[in-house]
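These two chains come separately, so use the hints to put the complex back together.
So the sequence lines, in the order shown, correspond to chains A and B.
At the far end of the first sequence sits residue 354, using the numbering used here, and the numbering has no gaps.
At the far end of the second sequence sits residue 168, using the numbering used here, and the numbering has no gaps.
Some clues are possibly wrong.
These stretches of chain B come out as covered by chain A in the derived footprint (C-beta under 8 Å, 3 or more residues) [said to hold, decoys possible]: (1) 16-30; (2) 59-72; (3) 118-124.
Keep in mind the hints are simulated off the structure, nothing from the lab.
Backbone N, C-alpha and C fix where the C-beta goes; we use that ideal spot for every residue, glycine too.
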Amino acid sequence: MNIPLNITKTIHDWLFSIMPEGVATVTEWVIVAAAYLALFAVAGLYLVLLERKVAAWFQLRLGPNRVGPWGIFQTMADALKLVSKELTSNANIDKFLYNLAPYFVILSSLIAIGVFPFSRQFQALDINIGIFFLFAVSSIGVIGILLAGWSSNNKFAMIGAMRSGLQTISYELSVGLSMLTMVLLTGSLQLSEIIEVQRTGGWLILQGHIPAIIAFMIFMIAGTAETNRAPFDLVEAESELGAGFHTEYSGMKFAYFFLAEFINMFIIASIAVVLFFGGWLSPFGITDDITWFPETIWFVIKVLGIIFLMMWFRWTFPRLRVDQLLTLEWKYLLPINLVNLVLMAIIIWLNWTI
Amino acid sequence: METILFYILSALIVVFSIASVSSRKILRAVTYLLFVLIAISGIYFLVDYSFLGAVQLTVYGGGVIVLIIFSVLLVHHIELELEVTPIKRKIIAGLISVVGLGITLWAIYTFPFTNATNYKSIEVADIGRKLLGYGDGGFILPFEVISVLLLAVMVGAIVIAKGKKLNE
Numbered sequence: 001m002n003i004p005l006n007i008t009k010t011i012h013d014w015l016f017s018i019m020p021e022g023v024a025t026v027t028e029w030v031i032v033a034a035a036y037l038a039l040f041a042v043a044g045l046y047l048v049l050l051e052r053k054v055a056a057w058f059q060l061r062l063g064p065n066r067v068g069p070w071g072i073f074q075t076m077a078d079a080l081k082l083v084s085k086e087l088t089s090n091a092n093i094d095k096f097l098y099n100l101a102p103y104f105v106i107l108s109s110l111i112a113i114g115v116f117p118f119s120r121q122f123q124a125l126d127i128n129i130g131i132f133f134l135f136a137v138s139s140i141g142v143i144g145i146l147l148a149g150w151s152s153n154n155k156f157a158m159i160g161a162m163r164s165g166l167q168t169i170s171y172e173l174s175v176g177l178s179m180l181t182m183v184l185l186t187g188s189l190q191l192s193e194i195i196e197v198q199r200t201g202g203w204l205i206l207q208g209h210i211p212a213i214i215a216f217m218i219f220m221i222a223g224t225a226e227t228n229r230a231p232f233d234l235v236e237a238e239s240e241l242g243a244g245f246h247t248e249y250s251g252m253k254f255a256y257f258f259l260a261e262f263i264n265m266f267i268i269a270s271i272a273v274v275l276f277f278g279g280w281l282s283p284f285g286i287t288d289d290i291t292w293f294p295e296t297i298w299f300v301i302k303v304l305g306i307i308f309l310m311m312w313f314r315w316t317f318p319r320l321r322v323d324q325l326l327t328l329e330w331k332y333l334l335p336i337n338l339v340n341l342v343l344m345a346i347i348i349w350l351n352w353t354i
Numbered sequence: 001m002e003t004i005l006f007y008i009l010s011a012l013i014v015v016f017s018i019a020s021v022s023s024r025k026i027l028r029a030v031t032y033l034l035f036v037l038i039a040i041s042g043i044y045f046l047v048d049y050s051f052l053g054a055v056q057l058t059v060y061g062g063g064v065i066v067l068i069i070f071s072v073l074l075v076h077h078i079e080l081e082l083e084v085t086p087i088k089r090k091i092i093a094g095l096i097s098v099v100g101l102g103i104t105l106w107a108i109y110t111f112p113f114t115n116a117t118n119y120k121s122i123e124v125a126d127i128g129r130k131l132l133g134y135g136d137g138g139f140i141l142p143f144e145v146i147s148v149l150l151l152a153v154m155v156g157a158i159v160i161a162k163g164k165k166l167n168e
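Only chain B is shown next, with the shape it has when bound in the complex (with noise of 0.2 Å):
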């Protein structure tokens, strides 16, 4: 069954890619990349790490998307269509991702996999330890350089969306 489910989700990621690339209607193709990101989160539901799968939801569903359809709302009228590629830059395109996926296909077949033995799922709480842990293993230096990162960029954000006072 959970090879089944897993063909499926990866024949959505497969199609979904394609049409959000090859689609002329910007609204669409975000539509379609909506749809990969949630068979990605299905990929995660599948392999029992449901934390990141409902993380690949929040961010991606709820934050990304939607932040990427609103500014289409904002500037894109529902009869525009967007120009088609030159054949030189899709060539270039296609090369890349042939390369990366050379890559990726390399990496997996040669990486050695063995199977997991006293398998326990992940809790929230583990996560939270790992992630603010300081001893052997743990994330916290990451975890506060992208909140620094994150805190840069909302003042920026503020900065620019502010603009100059009208006295001025």
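Next up, chain A with everything else stripped away, as it sits in the complex (with noise of 0.2 Å):
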């Protein structure tokens, strides 16, 4: 097996140097591991706060502002409320399916996260079939939807994840196809060789200029669609359904879910900076010369906007219902879709790329 773990050299030699060889890997395994669980925790704790003061800020409200100064430690007290608080559950469920639920979920995000180059060094795993390994590990989270709705023995739940099933295993597919038509443009599936190709050729969504253009709008409906958010939250939709797949969770099997979904909107932003705004690059390469600037900065700057983008479908748009929701998919966006596939393919084959 050969995992390249190149997030810093130094500190890999240093292990290396005092202890033996065996051990060392381990060690480093375990101190990746909990760097990006760290990671984890802290972008879901803060998105959370995000989202609630750009809820707050769209609806002229302020937002939490009691627990720290302008209530930055309110998600942090959130989360210690939630770790105290008792788990239920009600009665004749399917008690092993019904813990596992959450796991699935939150690990298919998890596992998702160490893929992507946060900057040069910063990155976990480099495989040659990048992008397509996102899309497989995220094809699993949704197993966790449906298990949870179906073991909860609860009828709202039922239908939330009935709903989560049809939305995922249809949006997948644009969410695919869209990587697909940018993937054209790099050649590669490998996430630090496509941004190695946006360094000479300027940023993807420029150089394949219409179909990429066009590739990143559909990406951001499906990809909103993946994570389950508004405007197609139809899974979770309070005033039909109490709190959809999750209404029988409390505590911290609760907070999974709830993390999960911030997660996952965290890895759509970052594919969405990959495939089409250059990762970690500077804007005009202002920064490509200095070697000790963190270009960790970038991505999260990008990471962010695109976040912001998001949450602000979140707060616009009413939610669809479900025969909408599969209209626009299968009548709108897959042939959309297949037409810039091949578009897009046509502008490689006459070499019209910036």
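This is the structure:
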């Protein structure tokens, strides 16, 4: 097995100098895992806070402002509350599947996060099928939602899970096809190589002009649907289904679903940044020559920009009906996407790229 | 390290396959089957064939298992249990699987394995060229035949799902 762990070479060398090889490898795995878990928790908590602040801004409110300055410790307090809560369940559930379901959702997003190149050095797993691996791993997450809905022994949860299945199976097509359109331009599935292509030729959304912009729009729509966020949040439509598939969950198990939703948003935004906006590359290459400059900053700025866009969607559009949701995917997005794919192929064939 | 991981994955496959066929709750059986499929994809990743591993995850994990769960969700209530299989059928199934195991073991032990020299991991581009190649060792014909088969399946599914028109 060949996993290049190139987060920081110094730590790697230091570890191998003080320990035998086998122990050092395992220690390195543990350190990488801990780093990513910390990133996961911090990103999740602060995205929740950001969501609440953005929502407050859109609705002319103040938002959380009591715990710490500008309420920055609000979500930490919420997390502590959730940890200390009792884990309840109702009668006649399938205990095993009920307890297993949250882990499917959270593990699939946790594995996916390891593939992203946050900077030149900061990438845990740089496999040659990067994009496809992301697609494969994120397709596991929906199983958790389906299992949660079924094993809760609750009709509302069940309907929520069914809707989620419909939605994910349909919109996965659009996500995959729009990613494929961009892969045509790069000729590689490896995430670090996709970014290398953009260093010389400019960001992919500019390189592929019209089809790239269409692909970006489709990706954003389908990506929002993949994360089950408004306007596609039929899965947990509060006015119809209670809380949807996680109605019966409490405490930390609920928090897993909740965190996974925000991390999935982060993942979709990261894919968009890598595929369309040059990953950690700076705009116009202004910091490319400065070796000590932390490129992660550019990545985070771009990701936050996309996430803000998704939050903007959420607080602007009303929720779709199920039939509208399916019509949008199968009668509009999918045909447009297929035509777009052919268009992109023609553009590359005739060498019309910038 | 690879050896340890291989034994862990194989143990997972064996345990969960047995659990899958012996469970009386259908969705649990499906979940155990999912674990088996994920462990198999783990073995593909272990031998550095990550493309096939990812295909295994997408097609079986994200496709087949989701469809099975979906159909279970539609027709099966949580309190239902599968009926116990009669002993005669159990014996027949056991015998067939023993025969299958025998054939597989025979094939593995008689095949002359050689150590791979100058190995390099397979790129997706190579797979694509092979899949659409019509030269020596190309797979264009099976590829096209399978796509025609898939088209036929899709047309069939649409015809069945549409049913008769209301005014007929």
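Hint check results:
1. 16-30: With 3 residues closer than 8 Å to chain A, the stretch 16-30 of chain B meets the three-residue bar; holds.
2. 59-72: holds (count 8)
3. 118-124: holds (count 3)
Figure legend: structure checked against the earlier numbered hints; every hint is met.
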